[in-house]
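K.L.:
Chains as they are written, first to last, in the UniProt record's numbering: chain A, 1 to 428; chain B, 1 to 428; chain C, 1 to 428.
In case anyone wonders, no lab produced these hints; they're calculated from the structure. For each residue, glycine too, the CB sits at the ideal point set by N, CA and C. Treat each hint with caution, since some may be false.
Dumping the calculated DSS-like pairs for lysine-lysine here, alpha-carbon to alpha-carbon at most 25 Å [claimed, not checked]:
1) A/K355 x B/K47
2) A/K210 x B/K47
3) C/K210 x A/K119
4) A/K47 x A/K313
5) C/K191 x C/K210
6) A/K313 x B/K47
7) A/K47 x A/K127
8) C/K313 x A/K313
9) C/K355 x A/K47
10) A/K405 x A/K367
Per label pair, the in silico range of CB-to-CB distance [said to hold, decoys possible]:
11) A/E35 x C/R374: 44 to 54 Å
12) A/N229 x B/E83: 17 to 27 Å
13) B/H60 x A/N229: 28 to 38 Å
14) B/R4 x C/E138: 48 to 58 Å
15) B/E83 x C/E35: 51 to 61 Å
16) B/T99 x A/E5: 31 to 41 Å
17) B/V128 x A/R373: 50 to 60 Å
18) B/V128 x C/N111: 41 to 51 Å
19) C/D217 x A/E8: 45 to 55 Å
20) A/E35 x B/P139: 56 to 66 Å
21) A/E34 x B/M293: 50 to 60 Å
22) B/R4 x C/D415: 51 to 61 Å
23) C/K197 x A/A283: 52 to 62 Å
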Amino acid sequence: MLTRELNELLTQTGPGTPMGELFRRYWLPALLAEELPEDDCAPVRVKLLSERLIAFRDSHGRYGLMDEFCAHRGASLWFGRNEHGGLRCAYHGWKYDVTGQCVEVPSEPDNGSFCGNVKLRAYPLVKVGDILWAFMGEPQHQPSLPEFEFVHVPSEQTYTSKRWQESNWLQALEGGIDSSHVSWLHAGALKSDPLFKGAKGNQYNMSDFKPFFEVVDAPGGLFVGARRNAEEGHYYWRITPWVMPAFTVVPPRGDHPVHGHFWVPIDDENCWVYTFDYHPVRALTPEERQAMMDGFGVHSENMPGTYRPVQNKENDYLMDRATQRSGENFSGVRGIAIQDASLQESMGPIVDRTKERLVPADSGIIKARQKLRRAVVALRDQGTPPPGIEPEHQRVRSAAVVLPKDEAFIESCRDAVSVRPGVRQSSI
Amino acid sequence: MLTRELNELLTQTGPGTPMGELFRRYWLPALLAEELPEDDCAPVRVKLLSERLIAFRDSHGRYGLMDEFCAHRGASLWFGRNEHGGLRCAYHGWKYDVTGQCVEVPSEPDNGSFCGNVKLRAYPLVKVGDILWAFMGEPQHQPSLPEFEFVHVPSEQTYTSKRWQESNWLQALEGGIDSSHVSWLHAGALKSDPLFKGAKGNQYNMSDFKPFFEVVDAPGGLFVGARRNAEEGHYYWRITPWVMPAFTVVPPRGDHPVHGHFWVPIDDENCWVYTFDYHPVRALTPEERQAMMDGFGVHSENMPGTYRPVQNKENDYLMDRATQRSGENFSGVRGIAIQDASLQESMGPIVDRTKERLVPADSGIIKARQKLRRAVVALRDQGTPPPGIEPEHQRVRSAAVVLPKDEAFIESCRDAVSVRPGVRQSSI
Amino acid sequence: MLTRELNELLTQTGPGTPMGELFRRYWLPALLAEELPEDDCAPVRVKLLSERLIAFRDSHGRYGLMDEFCAHRGASLWFGRNEHGGLRCAYHGWKYDVTGQCVEVPSEPDNGSFCGNVKLRAYPLVKVGDILWAFMGEPQHQPSLPEFEFVHVPSEQTYTSKRWQESNWLQALEGGIDSSHVSWLHAGALKSDPLFKGAKGNQYNMSDFKPFFEVVDAPGGLFVGARRNAEEGHYYWRITPWVMPAFTVVPPRGDHPVHGHFWVPIDDENCWVYTFDYHPVRALTPEERQAMMDGFGVHSENMPGTYRPVQNKENDYLMDRATQRSGENFSGVRGIAIQDASLQESMGPIVDRTKERLVPADSGIIKARQKLRRAVVALRDQGTPPPGIEPEHQRVRSAAVVLPKDEAFIESCRDAVSVRPGVRQSSI
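Looking at chain A on its own, in the form it has when it is part of the complex:
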C-alpha cells in the first residue's frame, strides 16, 4: 500500500516531475528502427514522458528527435517534407536539421543570421540493436550507450516488437517483476505456446503454487528470485533481473530464446511495451521468428500499420468464456502479452495503490518501489545519479536453475546472471 503522494511520485513522469527527471537520466527506447526504415522517409510522431515529439531520419542516415511543432507558428512538423538533410515545415517552408537547428527560413532576406537563433528542443536519437534510443536529459548527463545483451548479439539472434498499453508504466513494470502470477494467468501458455512449452522447468512451475520469493539488491536494480520445490533436496529457482528504471528479463525456459521487456511512459496513462526475444549463442530459427511475429511468446499481434494490439481494451481482449471455462486457458484471453495487458489495464489507467493489499509473494514489487523512491528522492534532493545508468549495471541475464536446498541462489548464480559472450543462458 502506498500513500497517495507516493503513488503520484512514482507514476508521474511529465516535464518537471521527480520521476520524469529520473527517466531523463537514461537512454530510453523511443522507436523501433523499422519505424524509420530509410533515409528521407516519413517523419513519425512520438510521445514520450508526456512530450510531443517528431522523429525523422535525414538524407545522411542521421536520426533526429525534436519538438513536434514548428518554432514559427506551431504547425505540426508531421506534415513536413523530409528532404535534402532536413525536415521542412509544410506551412512556410522553415527547415530543421536533426539537431533541431533551423537551417532555412525562406521568407527571410538574410536567412543565415536569422536561422542561427532558431532551434527546436531536440534530443539525441541513436540506433542500438533494433531500437532507436533517445536521451531526454541535460547533455552533460548523457551516459554511455545501452549495453543490454539483446541489442548487442548479432541481428539473426534477436527480435524486438512493441505494443501500446493503456496504463501507467509502473503497473506494467510491476507485472513484469511479479513471477507469482505465471502459474495462474499464464497457466495454459506453459503447455501450449511454441516459445514456452517443453521446458523441464515448466513442470516445477505447475506443481508448486506457493513460490517463495527472495529479492536481492543489485548495483543497477534487483534480482528477484522465485523458489519452487524441485527434486528431493533441491529447489527450482527463477531469477528475474530488473535494471532501473524499466528493464526486466523473464527467466529462460530450456533452450527457448530469452525474452524481456522495457516499459516506457508515453504519458501518465499510457506506455510503450518493448518486447525482445534473443538467444545468446545461436540464431533464432525461422519457426521461432515467425511465432514472434504472430504474437506468440510475450509478443502481440498488432493491427496492421500500428502498434495497437488486435485484442484490446475496447473489445475486452476478445476474451472467450468457453475457453476459460474449459480450463485449457485460465484467463480466456489469447496470448501471454495480452493476458498481462488485460489485467493491468483493467486496474484503470493509474491504479489506486492506497487500496491494495500486498502479500509476501509481492516482495519484488515492494522492493522495486522502495528502490525507485530512494533513487527519485536522492536525485531530486541531492542530485545523485540513479542506478542502472552504468553499462555494467545493464549486462545482466535472467536464469532458471535447480540448486541444492542449502545454497544461496545469488551466490551460486553470480555467473549465470551476468552477460557472458559466447556462453549459453543458464536455463532448465
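We have chain A already, so just place chains B and C on it with the hints.
P.N.:
Coordinates of chains B and C only, in the frame set by chain A:
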C-alpha cells in the same frame, strides 16, 4: 424551477451524497435475472449509484454483488473465472464467495488465517420476479423484499426488459409521472401500438388536450390524477402511482397488460430504465409477449447482446421527418420508450432546472420533487427512514376510470389503486 | 508572440467575453440558405459563439434563430415539428414563432395570457445572397445588412460553400491573411487547380519566395500588400483586404472567379469556414461551378449530408507521402482548403501564441491582432463600435497588379480595391 443547490441535491447519488444515502435505503433493481442465467455463468459488470461492482452466480445458485476490483492489487474481477463456489481473480488466483469474503489466496502458506481478514465490500443480491435486487445500504437498515405486484404474479403473466438511458435518473422519473405529454409525444402510438390501441380511454385522451391534475399524497409516494372530460357529467381519470424513490405504473388501457418503470441511477449522467408489463389475472398472450420483445408498448429494441437501444442519441433516434410531417407520428421517432428517451436525453445529462418554467400540468413533478427533498433532508438531518420502504407502500396499482364529476377520485378509487390478488385492474 | 492573457482575449468568444461582445456587433453567417430550403422544413441545430441555437423557416418563409431548448423543461426543439407558422416542441406541444415568442401552451386553460410572458432568446436571421446572416447583439446596435460584393452580384455569378474546422477562429483567420505560405503549402495547386492555373501572376508567385509585405490600415480593417519581383522595374502586388472581424478576399488570378472566406466561431475550439467564389461581371461557367462543388479552388469535398470534409483530422487528411515526395504537391494533402485546415488544426484547437516566433512576412497577422485588440478594448472600455460594421467598409475587393517600382500600391490601387459594379476585378 429549482435552485442550483436543490438540483444537485436531487440528482447526485454517488457514495456520501444525501440522495445516494436515500437510494441506499431501498432494494434496487441491479440486473435482469436473465443476465445471470445459470450457476457458474460469466460475471457481469454492474455500475450502480456511481459504484463499480461485479455480479455473479455461484455453483450453488447464490447471487453475489461486490466490488469489481480484487483486494490484492485492483485487477478487475470481470476477467475472473467463476468456479466451485466462488469467483477467482485471473491475475493471482485470489478467490471470493458471494458475500465478498476471500476464501483462497494461493500464494499464502497459511491460506486460512490470511483470507479471514480479506473481504470485499458486497451487497445482498436476490431474485424477486425477473429482477435481481440489490440492497446497498447498511445491513441494519435492510428492509423486507420488494412487494411490487409485477414481480409477484406468476411468470406467465409478466415480462420485464431494460434499457440504458443517457440522462440523470430524475429526468427519467419526471417523464414517468408526467401524464400531460402523452397527448403530444405519444399521440400516434395510441392509435397504432398493439399494446395501446383499441382502448376506449384513448378517445378521452385524444379529445381533451387540457387535462386537469390533482396530486394526492400516499404513504409511499403520490397518486397523480389526470382528469379529462368524458361523457356528460363525467370525468375520465388516469391515476399514476409513484412509490419512492423511482417506481411508477402507467394507468392501464382496456384489457391490455399494465406497464410501468423503475429508474435506477448508474451514475449522475446515466440511468437504467427497467420496464415491466404484467396482467394481474391472466397470462400474457404470445402476441403480447412478442410485441414487448420487439420494442412495442413501453419497451425498446436493443442492440443484440446489450441493453442499449438501437435508436439512440448517437443516431438521433432514427427520427424521420417525413413521418413527423405526415402527422401519423407527432414526434417522428418510432416507439413510446424511445420517444421519451429522445426528449429526456435532449435536455442534456442533467437538465438545468434553474431555467425551467413549470405550469399547473406539471404538478405531479412539483409534488414529487418536494416529497423527495423532504425525505432526503429528514434522512440526512434526523435519520428518518424515507417512505416507500414498507411492503404495504409498494402494493399499489394504476387505474383508468370514469367517475361522476362530483366524486373525489382518490375516495372512489381506494380499492382500484390497491393490489387485490385475483382481481382485474380498474381500466377502461 | 502574445501574452497568455492577450491570446485568451482574442480567442474566447462565448457570452460575456470581450471578443464575444465584439462579434455580437456584426451580422454573422449562421447557415447556408440551402440548409433551410423551403417553408416548414426541418429545423437545424446551430452553434455560434458558444451558444446552442435552433434555426427554422416558418410557413410564411420567415427565418428564426433562437434558443435550442424549450422554455418549459429544456427539451431540444430540434425534435420539434415545424408547422403552421411556428415550431412546436415534441414533448408537450409548446409552440414558438420566429421571434422566439411562445404562441401556444396546449395544457393552459388561458393560453393567451400565459404565452405572452414566455419568450425564448432569439436573434434576427436574414437571407442575403446564399447565406443566412444572424445578428446576435443588442437590438439597438443592429447595423445595416451586409454589403459584401459576393452576396450582391446576381446568383449565377456566385457560389458559397462551408466546412467545419477544428480550430479556434483566429487560427483560421491568420491563415487567410498570410500570403507567404502560398508559395509553399499551395505550391502544387498553382500549377494544377482548375480554378487557379494559367494566370500570369502565378509565375511571379513561384519565382520569388521572399515576398515583401506592406500592410495598410483601412476604415474597416486592413489591406495586406505582398510584393514580389516582376519584369524589370516593376513589382507584382497581391492585395488581400481584411474586413473586421473575420472576412477576407484572396487576391485574384487572371479571369478566374475571385474567392474569399468568412470565419465564424462555433465555440472556442471550432469554427465554420464560409468560402465564396464570384465573378463581378460574368456568370460562373458550368465547369467552374462543378469544380467548386468538387472541392477544387478553396472549397472542400464534404461528407454527404454534412459540412465535415472527407479529408479531416481523424484520417490525417488522407495525406499521401508519395505525392509529397514526388514534389508534385509539396504538402501531400489534396486541395487548397484542406491543406490550410491540416496545418491550422495541427497547431491544436487554440495554438499557444506565447511560444510563436513571428517574422516580417507575418506583418499582416501582427497588424490584424493589434487592430482586433484595440477594437476589443475600445468596445469593452468605452463602448466604441468596432470597424467593419459600416456598409462602405465592406465594399472592398482584392487585387493582383503589376506596378512600377516607385508607386505606392495603395495609392495606385484605390479604385482596384473598391467595389465597382459592372467593372471587372483588377487581376493579372
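K.L.:
Lying within 51 to 61 Å: is that true of the beta-carbon distance B/R4 to C/D415?
P.N.:
With Cβ atoms ~59 Å apart, the hint holds.
K.L.:
Taking 25 Å as the top limit, are the C-alpha atoms of A/K313 and B/K47 close enough?
P.N.:
holds (18 Å)
K.L.:
Would the pair A/K47 and A/K313 pass a check requiring their Cα atoms to be no farther apart than 25 Å?
P.N.:
Answer holds: A/K47 to A/K313 is near 20 Å, not above 25 Å.
K.L.:
Are the Cα positions of A/K210 and B/K47 separated by 25 Å at most?
P.N.:
Distance of about 35 Å is beyond 25 Å: violated.
K.L.:
For C/K355 and A/K47, compute the direct alpha-carbon distance and say whether it is at most 25 Å.
P.N.:
Since the Cα atoms of C/K355 and A/K47 sit roughly 19 Å apart, the hinted pair holds (cutoff 25 Å).
K.L.:
Cβ-Cβ distance between B/R4 and C/E138: within 48 to 58 Å?
P.N.:
violated (27 Å)
K.L.:
Is it true that the CA of C/K313 sits at most 25 Å from the CA of A/K313?
P.N.:
holds (23 Å)
K.L.:
Tell me if the straight-line CA distance from A/K355 to B/K47 falls inside 25 Å.
P.N.:
holds (19 Å)
K.L.:
Could you tell me whether the CB distance from B/V128 to A/R373 stays inside 50 to 60 Å?
P.N.:
holds (51 Å)
K.L.:
Range hint 41 to 51 Å: satisfied by the CB atoms of B/V128 and C/N111?
P.N.:
47 Å Cβ-Cβ, so the 41 to 51 Å window holds.
K.L.:
Could you tell me whether the CB distance from A/E35 to C/R374 stays inside 44 to 54 Å?
P.N.:
With a Cβ separation near 49 Å, A/E35 and C/R374 satisfy 44 to 54 Å, so the hint holds.
K.L.:
Is it true that B/H60 and A/N229 lie within 28 to 38 Å of each other by Cβ?
P.N.:
At 34 Å between Cβs, range holds.
In summary, the numbered hints that this structure violates are 2, 14.
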